[in-house]
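Undergrad: In case you want the letters, here they are:
2 protein chains.
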Amino acid sequence: MTEFSFTLLATDGMARRGRIGTSRGDIRTPAFMPVGTAGTVKAMYPEQVRATGADIVLGNTYHLMLRPGAERVAALGGLHRFMDWERPILTDSGGFQVMSLAKLRKLTETGVTFRSHIDGSAHELTPERSIEIQTLLDSDIVMQLDECIALPAETSEMERAMELSLRWGERSRAAFGHQPRRALFGIVQGGDDPGLRARSAAGLRSIGFDGYAVGGLAVGEPQATMFRVLDEVTPELPVDRPRYLMGVGKPDDMIGAIARGVDMFDCVHPTRAGRHGHVYSRFGVINLKNARHRDDPRPIDEQSPNDNCRRFSRAYLHHLVRSEEILGAMILSQINLAYYQELVAGARSAIEAGTFNDFAAETRAGWARGDLPVL
Amino acid sequence: MTEFSFTLLATDGMARRGRIGTSRGDIRTPAFMPVGTAGTVKAMYPEQVRATGADIVLGNTYHLMLRPGAERVAALGGLHRFMDWERPILTDSGGFQVMSLAKLRKLTETGVTFRSHIDGSAHELTPERSIEIQTLLDSDIVMQLDECIALPAETSEMERAMELSLRWGERSRAAFGHQPRRALFGIVQGGDDPGLRARSAAGLRSIGFDGYAVGGLAVGEPQATMFRVLDEVTPELPVDRPRYLMGVGKPDDMIGAIARGVDMFDCVHPTRAGRHGHVYSRFGVINLKNARHRDDPRPIDEQSPNDNCRRFSRAYLHHLVRSEEILGAMILSQINLAYYQELVAGARSAIEAGTFNDFAAETRAGWARGDLPVL
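If you're matching them up, the sequences are chains A and B in order. Position 2 (the first sequence) corresponds to 2 in my numbering; numbering is contiguous. Position 308 (the second sequence) corresponds to 308 in my numbering; numbering is contiguous.
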C-alpha cells in the first residue's frame with residue numbers, strides 16, 4: 001500500500017512540477033482533473049478519459065449522495081469500481097453544490113440542511129457526514145466541508161464564512177482521523193481580502209492537511225482579482241504539499257494559476273463547452289455552431305496529436321452539433337479534455353526545462369492569433 | 001474496383017448464408033445494418049460500430065437531404081468520408097420518412113412534395129431525385145423510391161400504392177442507369193395481400209434489380225402477418241439476389257425472417273431502445289430503469305463476449321439511465337448493437353452448419369427463460 005505523498009520535482013519561478021503518489025497511482029502535477037459529476041465524466045468512457053492523459057478524476061459528493069447514495073456506492077465496492085475508473089479520485093465536500101443546486105438550504109454552525117433538487121428529499125451535510133460520505137465513496141483525496149460565497153461580498157460576510165470554514169476544517173480533520181491511504185485537503189477561504197486569506201491559510205496550516213485548496217475563486221470575480229489573490233495566498237501555503245485551485249477553469253486561467261504556484265485544477269468547463277459546440281484548441285475557442293464551418297472540409301487542427309482533431313471535418317462536427325447528435329457531445333468533450341491535458345503536459349515539460357514563461361507566452365500568442373482563416 | 005455481387009454460400013431450409021461483394025468491402029449475410037440516421041449511428045463512434053461486427057450501415061436520405069444536404073455531402077467527399085465510415089453504406093430512398101416525419105405532404109404520380117420538419121423549407125422527392133441524392137451521398141446500395149402504407153389497409157389502397165411503387169421502380173431503374181460499383185434495389189409492396197405481393201415481385205423482376213427489398217411490413221401488423229407475407233413473397237424473389245426486409249426489427253422478428261429466406265435487416269430499434277434503458281441479451285429484454293437493478297452488482301451478462309456486458313454493474317447502468325447520463329446511452333446502444341450482430345453471426349454459423357432451427361430454438365428458449373433471478 002502506497003501512502004499519500006507529494007514530491008516537488010522542479011520549479012520555474014513560482015511554477016511547480018510535482019508528483020502526487022497515491023495507492024491507486026501517481027498524479028503528475030500540474031494536473032487537470034476532469035469532473036465525473038455523477039459517477040461519469042459526461043459523454044466519455046473511463047478509458048477515453050485516461051487516454052487523454054488524465055491521472056485523476058473528480059467526483060461530486062452532492063450528486064452522488066443524492067443518487068445513487070453513498071452507502072449504495074460503498075455496498076457496490078466504492079466509486080472506482082462503480083464507474084470502472086481504477087486510478088485516483090478526488091471528491092469534493094458537497095458544500096459548494098449544496099449552495100448552488102439544492103433547495104431550501106439552511107446553514108448553521110453544525111452544517112447545512114437542504115432538499116434534493118432531484119426529488120425534494122431532506123438531507124443534512126456536516127463536516128463529519130461529508131468525511132463519512134467521501135470515505136464510503138472510497139475517495140483518494142477528501143475535501144473538508146467549507147462555505148464558499150460569491151464575490152463581490154462584504155468583508156464581514158467573507159470573514160464569517162472563512163472562520164466557519166476554519167472551524168469546519170478542524171472538525172473535518174478530527175473526523176478524518178488517521179487514514180494514510182487517503183489524503184485530506186483543507187480549503188483556504190477569505191474572498192478577495194488578503195488579510196482574511198492569510199488568516200485562513202495560517203489556521204489551516206496549524207490544523208495540518210495533506211494538501212491545500214484555494215476555494216472561493218472563479219465565483220464571479222475578474223480574472224485579475226483571482227490572480228491577485230493567488231499571488232497573495234500561495235506564499236502562505238506549505239511548499240511540500242499540493243495546492244489545488246478549485247473549479248478553475250478556462251485554459252488561460254490555468255496558465256496564469258500555474259505561474260502562481262498552483263498544482264491541481266478541476267472544472268466542468270471542457271465537457272460542458274463540448275456539449276455546447278465549443279472547442280478548445282491551440283487556435284483558441286472555436287464555436288462549431290457558427291455557419292462559417294458548414295462547408296469547411298478542414299479538421300479542427302491537422303497538427304494535433306489527438307485523432308479526433310484530425311479525422312472529422314469541421315463541416316461534420318458542425319452538422320453533429322446543429323443536429324444535437326450525441327456523437328457531437330462525445331467527440332467535442334474528448335477534444336476539449338485532451339486539449340486541457342495537452343496544456344498541463346506542456347506546462348509540466350516547460351517547468352522541467354525552465355521555460356514555463358516561454359511556453360505560456362507562446363500558448364497565449366497562439367490563442368491570440370485565433371482560428372484558421374475562413375476558406 | 002469490385003463490382004457489386006451476391007454469392008449464396010449455404011442454405012438451411014429457406015435460411016440463406018451469403019456474401020455481398022462491394023467496392024468498399026464484403027457484407028456477410030444474414031446481415032444487420034445499424035441505422036446512421038443523420039450521418040451518425042447515434043451515440044457510437046464509427047469504429048465502435050465496426051467493432052460490434054457491422055459490415056454496413058444505413059443512411060437516411062430524408063434526414064441527410066434536409067441537413068446537411070446531399071450536394072454539401074458530395075462536396076465534402078461523400079457520406080463515407082463525412083462520417084468516417086469507409087465500409088459499405090445503404091441509403092433508403094427517403095420516401096418512408098417523408099410519409100412519417102415531413103409536414104404538408106402531397107403525393108402525385110410525379111413524386112412527393114413536402115416541407116421539412118426541421119425548418120419548414122419546401123422540398124420535392126421524385127424517383128429521379130432520390131437516385132440523384134443517393135448518388136451524391138455516394139451510397140453503395142441505392143433504394144428505389146416507393147410508397148409504403150400502414151397496415152391494415154383497404155385492398156384498393158394497397159393495390160394503388162403497389163402499382164405506383166412499381167412505376168416508380170421503373171423510373172428509378174432508368175434514372176440509375178449503369179453503375180456497376182453501386183447496386184439498385186427494388187422494393188416489393190402490396191400490403192398483406194398475397195396476389196398483390198406476387199404481382200409486385202413479378203413486376204420488379206421484369207424490371208431487374210441488384211437486390212430485392214420487402215417493404216410495407218413492420219408497419220403495425222401482427223408478427224404472424226409479417227411472417228405469412230414473407231412465406232408468400234420470398235419464393236417470388238430471385239435466388240441469386242439479396243433480399244432485404246426493411247425496418248425490421250426486434251431479435252425475434254429477425255430470427256423468424258431469416259428462417260424465411262431474408263438476408264438483410266435494418267432497424268433503429270437497438271440504438272433507440274438503448275437510449276431508453278432497454279437492453280437486448282440472451283436473457284431477452286432487460287429494462288434497466290427497473291428498481292430491481294438498483295443494488296445489483298452483477299453485470300448484464302458475465303458470459304457475453306462483449307466487454308461492456310461484463311465490466312459495468314447493473315446498478316451502475318441503472319444509475320446512468322436514471323440520471324439520463326450520455327454514457328448510459330453510449331453503453332446501452334453499444335450493447336444492443338453488439339447483441340444484434342452476435343445474433344446474425346450466430347445465424348450465419350448455424351446456417352453453414354445446417355443447424356439453424358436448433359440455433360433459433362435455443363435462442364428463443366433463452367429469451368423465454370428470461371433474466372437472471374432477482375438477487
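Misleading hints may appear alongside valid ones.
Copies of the same chain are indistinguishable here, so a pair counts whether it falls within one copy or spans any two.
[Stated by the list, open to error] Subject to a maximum C-alpha distance of 25 Å in a straight line, what follows is the list of computed DMTMM-like cross-link-like pairs (lysine to aspartate or glutamate): (1) K250 x D231; (2) K106 x E325; (3) K103 x E236; (4) K106 x E170.
The hints are simulated quantities; they were obtained by calculation from the structure and are not laboratory data.
Undergrad: For each hint, tell me whether it holds in the structure or not.
TA: We went through each hint and held it up to the structure:
no.	hint	verdict
1	K250 x D231	within (18 Å within a copy, 63 Å between copies)
2	K106 x E325	neither (40 Å within a copy, 29 Å between copies)
3	K103 x E236	neither (36 Å within a copy, 66 Å between copies)
4	K106 x E170	within (21 Å within a copy, 74 Å between copies)
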